[in-house]
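Starting from the known structure of chain A, arrange chains B and C on it as the hints suggest.
So the chains spell out like this:
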Amino acid sequence: MPRLSSTTRRRLWLGMRVILIVLALIITLLPVYWMVNTSLKTQVEVFTSPPTLWPENPTLANYVNLFVRRHLGAYLLNSVIIVGSAVVLSLIIGSLAAYSLARFGKARRQEKVNFWVLAPRMIPPVALVVPMFLILQQMGLINRKLGLILVYTAFNLPFVALMMRSFFQEIPVDLEEAAMVDGASRLRSIREIVLPLAAPGLVATSIFTLIVTFNEFFFALILTSTPVAATLPVGTAALIGKTQTLYGEMAAAGVVAAVPLVIFALLVQRHLVRGLTMGAVK
Amino acid sequence: MIRRQFLRNSLGTVAAAAGVHTLSSCGGTKSSGGRGQITLGSYADPALDILKDVLLPEFEKATGTRTEWVEADFSGWLQKALNDGQTKAGAFDIYVMDDLWVPRFAGAGYLANLDELGFQIDPDFVPSALDLGYWPPKNGLRQPGIDARAKSTLYSLPLISDVQLLFYRHDIYSNGAPATWDDVLRMARQKCDPAHRQYGWVTRGVKGNPIVNSFFVMLHDFGGDILGENWKVVFNSPQAVEALEFYLKLLTYAPPGVAEFDSDQEGETLLQGNAFAATMWTGWCRQTDDPARSRVVNKISFDVPPKQVRQVAKLGLFMAGIASSAPNRAGALEFLKWFSSSETQLRFARAGGTPFKMSALKDSEARQRSRWLDATLKALTIGVPSPRTSDWSKVEDILGTELNRALLEKGKAKQHLDAAAAEATAFLKSAGYPVG
Amino acid sequence: MARTLGVGGEWRRKSLPWLLLAPTILFVGAMTILPLGYSVATSFREFPLGQAPAFVGLQNYRNLIGDANFLSSLETTLVFTIAATGIEFVLGLGLALLLRQEFSFQGIIRSSLIVPMAIAPIVVGIIWRLLYNADVGLFSYAAQALTGHSVSVLSSTTMALPALILVDVWEWTPFMFLLLLAGIQSLPQEPFEAARVDGASAWNIFRHLTMPMLRPVIVVALLIRALDAFTVFDQVFVLTQGGPGTATEVATLMVYKTAFRFSQFGYAASMAVALLVLVMFFSAAITRAFRTSV
Numbered sequence: 001m002p003r004l005s006s007t008t009r010r011r012l013w014l015g016m017r018v019i020l021i022v023l024a025l026i027i028t029l030l031p032v033y034w035m036v037n038t039s040l041k042t043q044v045e046v047f048t049s050p051p052t053l054w055p056e057n058p059t060l061a062n063y064v065n066l067f068v069r070r071h072l073g074a075y076l077l078n079s080v081i082i083v084g085s086a087v088v089l090s091l092i093i094g095s096l097a098a099y100s101l102a103r104f105g106k107a108r109r110q111e112k113v114n115f116w117v118l119a120p121r122m123i124p125p126v127a128l129v130v131p132m133f134l135i136l137q138q139m140g141l142i143n144r145k146l147g148l149i150l151v152y153t154a155f156n157l158p159f160v161a162l163m164m165r166s167f168f169q170e171i172p173v174d175l176e177e178a179a180m181v182d183g184a185s186r187l188r189s190i191r192e193i194v195l196p197l198a199a200p201g202l203v204a205t206s207i208f209t210l211i212v213t214f215n216e217f218f219f220a221l222i223l224t225s226t227p228v229a230a231t232l233p234v235g236t237a238a239l240i241g242k243t244q245t246l247y248g249e250m251a252a253a254g255v256v257a258a259v260p261l262v263i264f265a266l267l268v269q270r271h272l273v274r275g276l277t278m279g280a281v282k
Numbered sequence: 001m002i003r004r005q006f007l008r009n010s011l012g013t014v015a016a017a018a019g020v021h022t023l024s025s026c027g028g029t030k031s032s033g034g035r036g037q038i039t040l041g042s043y044a045d046p047a048l049d050i051l052k053d054v055l056l057p058e059f060e061k062a063t064g065t066r067t068e069w070v071e072a073d074f075s076g077w078l079q080k081a082l083n084d085g086q087t088k089a090g091a092f093d094i095y096v097m098d099d100l101w102v103p104r105f106a107g108a109g110y111l112a113n114l115d116e117l118g119f120q121i122d123p124d125f126v127p128s129a130l131d132l133g134y135w136p137p138k139n140g141l142r143q144p145g146i147d148a149r150a151k152s153t154l155y156s157l158p159l160i161s162d163v164q165l166l167f168y169r170h171d172i173y174s175n176g177a178p179a180t181w182d183d184v185l186r187m188a189r190q191k192c193d194p195a196h197r198q199y200g201w202v203t204r205g206v207k208g209n210p211i212v213n214s215f216f217v218m219l220h221d222f223g224g225d226i227l228g229e230n231w232k233v234v235f236n237s238p239q240a241v242e243a244l245e246f247y248l249k250l251l252t253y254a255p256p257g258v259a260e261f262d263s264d265q266e267g268e269t270l271l272q273g274n275a276f277a278a279t280m281w282t283g284w285c286r287q288t289d290d291p292a293r294s295r296v297v298n299k300i301s302f303d304v305p306p307k308q309v310r311q312v313a314k315l316g317l318f319m320a321g322i323a324s325s326a327p328n329r330a331g332a333l334e335f336l337k338w339f340s341s342s343e344t345q346l347r348f349a350r351a352g353g354t355p356f357k358m359s360a361l362k363d364s365e366a367r368q369r370s371r372w373l374d375a376t377l378k379a380l381t382i383g384v385p386s387p388r389t390s391d392w393s394k395v396e397d398i399l400g401t402e403l404n405r406a407l408l409e410k411g412k413a414k415q416h417l418d419a420a421a422a423e424a425t426a427f428l429k430s431a432g433y434p435v436g
Numbered sequence: 001m002a003r004t005l006g007v008g009g010e011w012r013r014k015s016l017p018w019l020l021l022a023p024t025i026l027f028v029g030a031m032t033i034l035p036l037g038y039s040v041a042t043s044f045r046e047f048p049l050g051q052a053p054a055f056v057g058l059q060n061y062r063n064l065i066g067d068a069n070f071l072s073s074l075e076t077t078l079v080f081t082i083a084a085t086g087i088e089f090v091l092g093l094g095l096a097l098l099l100r101q102e103f104s105f106q107g108i109i110r111s112s113l114i115v116p117m118a119i120a121p122i123v124v125g126i127i128w129r130l131l132y133n134a135d136v137g138l139f140s141y142a143a144q145a146l147t148g149h150s151v152s153v154l155s156s157t158t159m160a161l162p163a164l165i166l167v168d169v170w171e172w173t174p175f176m177f178l179l180l181l182a183g184i185q186s187l188p189q190e191p192f193e194a195a196r197v198d199g200a201s202a203w204n205i206f207r208h209l210t211m212p213m214l215r216p217v218i219v220v221a222l223l224i225r226a227l228d229a230f231t232v233f234d235q236v237f238v239l240t241q242g243g244p245g246t247a248t249e250v251a252t253l254m255v256y257k258t259a260f261r262f263s264q265f266g267y268a269a270s271m272a273v274a275l276l277v278l279v280m281f282f283s284a285a286i287t288r289a290f291r292t293s294v
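Chains as they are written, first to last, in the working numbering: chain A, 1 to 282; chain B, 1 to 436; chain C, 1 to 294.
These are calculated hints, taken from the structure and not from any lab test. Being a predicted model, the structure only gives us computed values, none of them experimental. Just to be clear, a hint being listed does not mean it is correct.
To be verified - Simulated DEER-style distance windows between Cβ atoms: (1) A:F104 / C:G94: 30 to 40 Å; (2) C:I65 / A:Y33: 43 to 53 Å; (3) C:T157 / B:R189: 24 to 34 Å; (4) C:F206 / B:R295: 52 to 62 Å; (5) B:P127 / C:Q51: 25 to 35 Å; (6) C:R62 / A:L25: 47 to 57 Å.
Each residue gets a CB set at the ideal place from its N, CA and C atoms; glycine is no exception.
Chain A on its own, in the form it takes in the complex:
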């Protein structure tokens, strides 16, 4: 088979890439579109057949209902405060631990560390209900924002530690050592070498931690009860009635919950690029 010229090959490859990306976008966004679509429909239209791609009578009633009748504003605020605090805390503490594990951990302890660090995620939540409740009850933190903040921080720490450790591990030690030989303190070498290179990892970890914590349902359900501390997922789940489900309002709640997360992702994803300070060190 004759070899195609490199320009043609590159063009073909570019074309393929575009097609694949478009395909991925369509598959990804179709259900999202359906969610937005459903959120603007009245219940009677949600179950129309054939399904309508755009509501015949688009209405914002679902959104209004959520905020006026179902306290979604309060839940949203709680979520922002609780999750924001927990994520920041866990990122800081977890990264510290991760650095330690990456730089000072011995290879053969790897598996043990993996296990203990992932252990909280391994236990099915139903087994944790009563113990967690009792612990927090002892500390007087039931139905208070601080209680959930602590629980979420604890829950995210392992993940952050594990994630950031793997990113720190990717960065060759010689880079830091070279800098330190040149006279920089460990702190400076971290700040100027490790952090920028680990920035993509930090961004990915923060996005994921934020999303998972924001959507966390089980602990929020058990450890909070009223709009004083309850979060968005709890309020959203209450739209599933015993005999009827409010599909339109659920879709609207899904949109409301997803918007802050997507905005955050949009803002930080520009750091998801290769560290550019490599040259400076050399």
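Showing chains B and C alone in chain A's frame:
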């Protein structure tokens, strides 16, 4: 209670092992803060809307006690309530419960004894509704471990009269409600038109509770039963098999996806005008005439489910009980007394709710507004609840899985019922029941 | 931080790792050891209604071994986990490789691709329930338009589990994508430049350079995702409740039903402990399979 000892032991372990409880602060939960407020916890359902929107504000005005309504989804609320009962956290004054939960909550001591608190019953209560709140059960067998001679005590009251009614299209059933199940089948055969999405019947097919509740009435109507003498499993009797075969026949006229339908999809099918009839909970009644929910406004009528050999309706009431760890027991009692008084029930019915007092169900003004009250009263009178034992959920799960399988295979009724009966009998035996 | 990280004496160097780790260890300890202990204690007991909890030793575990329903739920869960994680990994890696170079609109495109992850799992379940609905769902309608038959995915014993896997893949491939993309972006440049200068082909670079260097991130991504897939609950609960039949009855659903519907708290605790042990094996296996030489 001995349970408290067990909890104290584990608490001790927790405290000793941890040692990180630097936050001594105010122990205990931030509960509902005493006399001026009651906290009601419940699952979400539109059937509770009138109670929440109209009655609770009325109560606040009438008594000055504030109400806080905390709501979660059905399974979430069950977990919260169980947790609250187990740990005695006292976050709620009143639990709203599915009547199926009463054995569990009352039996485990999570509910306050209403007889002791001085609650007075009166003859205006629909008897079948009131009986659901007693533990041990007033009628019928008592599960092993419960003293057969213990006095039946009142632990919870009805809150919303949720019962399965026949919803039917009176424009299709132009000669009135179908009197027997054969009538339903006949009409389905005559007018079913799948090409135009017109189905003769729709129901819930999801395994477990949904399909069991959907099959329950037919089972009894054909002369079958779930549990017979001495807890013997009888849902594979010849009558039961006949009922299931009929059920499967009827379902050939149902929408193709019925095996995955739960009550919300069942209801939506009817409200979209795609089914001629269904047995659904009274919580759906109001939605039938709401143009934002229904395409069959003013086309649905209500009656008791059709007869065959017998005629029964399934009870699935929402119940309310006072938490045994309620911070404001007096306030909770005051609310229950107020809500279950005949005057309030009358106002409730006239506002569109489904009351549990006979005078309210018979009131002509209420009946004019809510045309399902007549059927509701009749259904409550012939109503049958699920077996009153805390082990019913497991039996229901076993039966429900096999019923679902029979539905998927569109046949083999006897085989599946026998399989379910065998597994259920084995389970009951291992749980200490004297299955004959 | 400045104080603890100064270049200092021997004591400081030795204690530094532990200082950095201490808060994490504390938190994790409180969150795992205590509840675990409680669960194990619960699993040795039985809770008959209205009576004191009774100590039953290993009875619950003995029952567990003979419980065909539980064992089959384990099988279902394993199938789900392996299929979902595997597909997500392949797709996520593919997407990451596809999108690692700079290109126009990369911000919007990347953020769009991670939206499924950002939607609350319960809402994902509800929306897909609507999409899969045999009567009014988009997929069934499309199938009807194309082939004349409506398709009833969730009431088919063969299609229900794949349908659930599809939902999971849709929702969590963005996770793999994000992590692997970040991993790729964090790799130092010179090895790649050197290899290109030496004339290595793209495939060889990928196989012998990219993949090995990505190993730490891959292991973590697989572990986390496999763990989460193993404990899947929301979608199954909303979409199928474990049906049709027991086609999608996953282990977590069994634990939930046993604890909260059947009130068998002791038995449920023993299930949870058994699951934990299984998960431990699983994660050890994954870690060992990717043992790094770093």
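Original post:
In this structure, is the beta-carbon distance linking F104 (chain A) and G94 (chain C) contained in 30 to 40 Å?
Top reply: Once the Cβ atoms are compared, 35 Å apart, the range 30 to 40 Å for G94 (chain C) and F104 (chain A) holds.
Original post:
Does the hinted range 24 to 34 Å hold for T157 (chain C) and R189 (chain B) at CB?
Top reply: At roughly 28 Å between Cβ atoms, R189 (chain B) and T157 (chain C) fall inside 24 to 34 Å, so the hint holds.
Subject >> Status of the given 43 to 53 Å range, CB of Y33 (chain A) versus CB of I65 (chain C) >> reply: holds (48 Å)
Original post:
Okay, R62 (chain C) versus L25 (chain A) on CB: inside 47 to 57 Å?
Top reply: With Cβ atoms ~53 Å apart, the hint holds.
**OP:** Could you tell me whether the CB distance from P127 (chain B) to Q51 (chain C) stays inside 25 to 35 Å?
**Re:** Check passed, 30 Å falls within 25 to 35 Å.
**OP:** Check the following: the C-beta atoms of F206 (chain C) and R295 (chain B) are separated by a distance inside 52 to 62 Å.
**Re:** Cβ of F206 (chain C) to Cβ of R295 (chain B): about 57 Å, so the range 52 to 62 Å holds.
Of the numbered hints given earlier, the model fails none.
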